[in-house]
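There are 2 protein chains.
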Amino acid sequence: MTGAGSNPDTAQLLQAGGAHIPSALAAVEQLLAEAGLGSGAILEGHARATISAGGKRLRPLLVLLVAGRPDREATARRLERAAAAVELIHSATLVHDDVLDGAVLRRGQPTVVARGGREMATAAGDLLFARAFALLAEDSDPAPVRTLSEACSGLALGELLQRADAWDPTVTLERYLLRCELKTARLFEAACRLGSGGAGDVDLTGFGRDIGLAFQVLDDVLDVSGPAERTGKQPGTDLLDGTITLPFILARERDAQLAQLDPREITTAAQAQEVCERIAATGALDAARERALGFVHRAQQLLGARAEQLGAERHDALALVADGVVRRYS
Amino acid sequence: MTGAGSNPDTAQLLQAGGAHIPSALAAVEQLLAEAGLGSGAILEGHARATISAGGKRLRPLLVLLVAGRPDREATARRLERAAAAVELIHSATLVHDDVLDGAVLRRGQPTVVARGGREMATAAGDLLFARAFALLAEDSDPAPVRTLSEACSGLALGELLQRADAWDPTVTLERYLLRCELKTARLFEAACRLGSGGAGDVDLTGFGRDIGLAFQVLDDVLDVSGPAERTGKQPGTDLLDGTITLPFILARERDAQLAQLDPREITTAAQAQEVCERIAATGALDAARERALGFVHRAQQLLGARAEQLGAERHDALALVADGVVRRYS
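Protein chains in written order, with my numbering: chain Y, 1 to 330; chain U, 331 to 660.
If we strip away everything but chain Y, and leave its shape as in the complex, we get (with noise of 0.2 Å):
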């Protein structure tokens, strides 16, 4: 992945979504920056990093979608604010996932504790996230406080759920579904809540939900069908740390050898190709990615439904993110 303005998808989304969206997201990338600020050399050598790699920006850019072109400059700064909020929860949460994996690599770059050590990883994701919640503080209404802080709620709670499932092969799809709401959903639909509040009236947060849903379940096929230099990381990393995953679950179903298999058993990455290639080969992977499309495709109803309400540019603009997640994968 790479920064916001280079990727062609972005571009044609940042047409779509009117001439407002450009500078509103060079706005965001302002307060991020300026979010590891006041914290001296050390944030600069490793929060700031997290932060200036990049990534799609694709939860600013929802909260800003959503929103419409603001009719007034508070409400821009408004907004602005919000999505870069959205942007430092995501932030915080990788910078402490890549604690619990050892990450050595993201988004191309060295991680925080790759560079700087555990102990300097989890203050950095912690501060990140204080001052997610500062910035939305700088606003008199409460309302985006709670929003995002129940979406953090729910990442945690993703993350408790997964390792409290990890190695047992029999996690139900339900379970698995669950997990893909609280750890990703929730915080998809907290953007487009806090777009919504503003120049936006149309309650988008069911739209928000479904792309986070399809988002998760995408990107744990991708785990499974590689390669490597597509995803950065080899195939089955999921299957090497517990995390049972859809393809996995599907093809159980399928596959009476798979069934029987204990997860705690793989443990090469050799061995992880191997189970890998043989989940690929019950057709598990077309079904999850046929299961991602149907929310996709729900997304994109609630979005038709509300089309009127919307307006054409905001409405194109959304149905191209719904549009860019699938194409992200396919």
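Calculated from the structure, these hints are not laboratory results.
Beta carbons are placed, not taken as given, at the ideal position from N, Cα and C, and that holds for glycine.
Each hint should be verified, as a subset may be incorrect.
Said to hold, decoys possible - If you want a taste of the chain Y side facing chain U, the calculated C-beta under 7 Å gives, among others:
hint: 1; residue: 96
hint: 2; residue: 119
hint: 3; residue: 137
hint: 4; residue: 146
hint: 5; residue: 163
hint: 6; residue: 167
hint: 7; residue: 177
hint: 8; residue: 178
hint: 9; residue: 263
hint: 10; residue: 280
Following the hints, put chain U in place on chain Y, whose structure we already have.
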């Protein structure tokens, strides 16, 4: 440390603070217990255990005592939420600290990391952070969110600095005090600010800051002076993980051999014990205690200057808090 009710100092405080304090503290406990709800059995076994293990509830007590007797039900509820939020932030940092230290026991109970592993504990800490902000967001005033998010930034920065300074014996007194300020004093200060915003109209943040500084310095003295049955840990724990604190900084000025010691050479509990004894022999512990007492004295002066505005009840209760910080370590 035991639950709030069983501590004689706390009992005295409860009486001095006014008839409303015990029921307010009970309401805070209820809020803390509820913060773990809705997260199923997992959190009940982890984050809730941390919360319910008690501690002195010193920070919530500061919120309530600074505020004084609330004149309206709504104010009382708001203060209770603020008091619970401060304690949740404190608990979150304890859980994360225990992850980083690999600590097995805290307040005589197994730590979250010991029971659930690092992933679980990191997520549990994040959850407690999020719940703290959710509590404050029930309010229509965004100022408390600002106060607490700024304090959280301070906590995280303090941790970052501590890691950056690790193993460096040339850390200056100023740098050490800055760490104490960020890591500890800011949350005490925030507690007082949260209390001041209510029925209380006296700004007692300087009082909170000084009490916090004294608290941290005395804690660092105790890490050197032991004994283990008082502190629940071996003396020299800080030295063993490279944290350079005031006693060592002062002792280096008094003992040329200590000044030449590379902290990395201290690798066993026996070595740490020996260095602790050497530090004690220089008189550095008394000098460090003196400095802490200086902070308490300044806090008492700030309090005295506002005695009239505060009224006898609030003044006397807060004076007891200041005394309690000293007595805890004497």
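Hint check:
Interface hint at residue 96 of chain Y: satisfied, since its Cβ lies 5 Å from the closest Cβ of chain U, which is below the 7 Å cut-off. The criterion of a C-beta within 7 Å of any C-beta in chain U is met by residue 119 of chain Y, whose closest approach is roughly 4 Å, and the hint holds. The beta carbon of residue 137 of chain Y is positioned within 7 Å of a beta carbon in chain U (closest approach about 4 Å), and the interface hint is therefore held. Annotation: residue 146 of chain Y was flagged as interfacial toward chain U, and the flag holds, the nearest CB pair being 4 Å apart, inside 7 Å.
Taking 7 Å as the C-beta cut-off, the interface hint given for residue 163 of chain Y holds, the closest approach to chain U being about 4 Å. The interface hint given for residue 167 of chain Y is broken, as the beta carbon of that residue sits about 12 Å from the closest beta carbon of chain U, more than 7 Å. A cut of 7 Å between beta carbons decides the hint on residue 177 of chain Y: the least distance to chain U is about 16 Å, and the hint is violated. Annotation: residue 178 of chain Y was flagged as interfacial toward chain U, and the flag is violated, the nearest CB pair being 10 Å apart, outside 7 Å.
Given the 7 Å rule on beta carbons, the hint for residue 263 of chain Y is violated: about 16 Å separates it from the nearest Cβ of chain U. Checking residue 280 of chain Y against chain U: minimum C-beta separation of about 28 Å lies over 7 Å; hint violated.
In terms of the numbered hints stated before, the structure departs from hints 6, 7, 8, 9 and 10, listed from lowest to highest.
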